[in-house]
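S.K.: Residue strings, one per chain:
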Amino acid sequence: MTQNIAETPKNSPELAQRAKEIVPPVDIYENEQELLILADLPRVTRENLSVEVNHPELKIQGQVPSANHQNDIVYARTFQLDSSMDVAKIEAKITEGVLEVHLPKSEPYRVRRIEVTGA
Amino acid sequence: MLNIYRNTNEWPSFVPFALFDLPARGRTFSNLRQDLDRVFGTYEQSLNDSSVQAADYAQLRDSGNDLVVTVDLPGVSKKDVELTISGNSIFIRATRTLSPPEGYTAHRRERSSFRFEQAFQLPVAVESKTAVANLQDGVLTVTLPKSPITQPKQITVKAG
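Which chain is which? The protein sequence lines are A and B, in order.
Just so we're aligned, residue 918 is where the first sequence starts under the numbering used here, counting upward by one.
Just so we're aligned, residue 56 is where the second sequence starts under the numbering used here, counting upward by one.
I should point out that these hints are in silico values taken from the structure, not numbers from a laboratory.
In this text the structure is predicted, and so the values were computed from the model without any measurement.
The beta carbon of each residue, even a glycine, is placed where N, CA and C say it ideally should be.
Treat the hints with care, as some may be off.
Here are a few chain B residues that face chain A, going by a calculated C-beta distance under 10 angstroms [unchecked claim]:
no. : residue
1   : L115
2   : G119
3   : D121
4   : L138
5   : N143
6   : T160
7   : R166
Kindly generate the complete structure, drawing on both the sequences and the hints.
M.R.: And the structure:
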């Protein structure tokens, strides 16, 4: 299995001053076609969620605003991608507070089965 | 909307009270974290192991007419949540069962399956009949209207 995703250890310090920053738990899966990241982001709505790719970084950030902005929460996590991902085709969706990010592998990195023909 | 089971007499016998002593009268959600830590230790531990953190995932808010309980339950579907309200206590049960998506190999698994079971004593009596529960964005929100007897009432003093 290739090591095609790594994590950037620290998130933006300027956000941490204004809100409680939380590192959400994630699962990372891989199959022949893609990498799949799952993250628990309870209370985060689609509007308050951003998934940003600034190669080689993939940044996930979800905000949970509070009424008086005293108890704001920011979920943030950044990953380093290698060049095997097709950045243009990354897709993300959030359901029941769980974010799914699909990172398709670019063509040369996909597993392809070649049919062997016989004479 | 979720089904709310109303139980006016006793808690169902399957509730494992031995695990967590019911909060004594007067104890409220400030003790929740401790209770959760005790009951829910494995979840916390798995979070600690990988240095990820959890928010204060259960909260009680007093909005005047209602008590509002919220519990973070990401990835939990409606059918896996059960609520029982009785007088001034509420019992919440929720389960999340995770398995790797088919055909995928795991690189990292920080999210865990959990079983959340907790009974809480509320600071005032609530009207279970008009309670409303909603599961959205991975958060369970239970709105519990306070019982009218707990509401302040002004009494006009008549002159004799």
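S.K.: Confirm or reject each hint.
M.R.: Each hint, compared with the structure:
1. For the restraint placing L115/B at the interface with chain A, the shortest Cβ-Cβ distance is roughly 14 angstroms, beyond the 10 angstroms limit, so the hint is violated.
2. This hint is violated: G119/B has a C-beta 14 angstroms from the nearest C-beta of chain A, more than the 10 angstroms allowed.
3. At its closest, the beta carbon of D121/B sits 15 angstroms from a beta carbon of chain A; the interface hint therefore is violated under the 10 angstroms criterion.
4. A cut of 10 angstroms between beta carbons decides the hint on L138/B: the least distance to chain A is about 17 angstroms, and the hint is violated.
5. With its C-beta approaching chain A no nearer than about 26 angstroms, N143/B sits outside the 10 angstroms limit, and its interface hint is violated.
6. The beta carbon of T160/B comes within 5 angstroms of a beta carbon in chain A, closer than 10 angstroms, and the hint placing it at the interface holds.
7. Restraint check, R166/B versus chain A: the minimum CB separation of about 5 angstroms is within 10 angstroms; hint holds.
Checked against the numbered hints above, the structure violates hints 1, 2, 3, 4 and 5; every other hint is satisfied.
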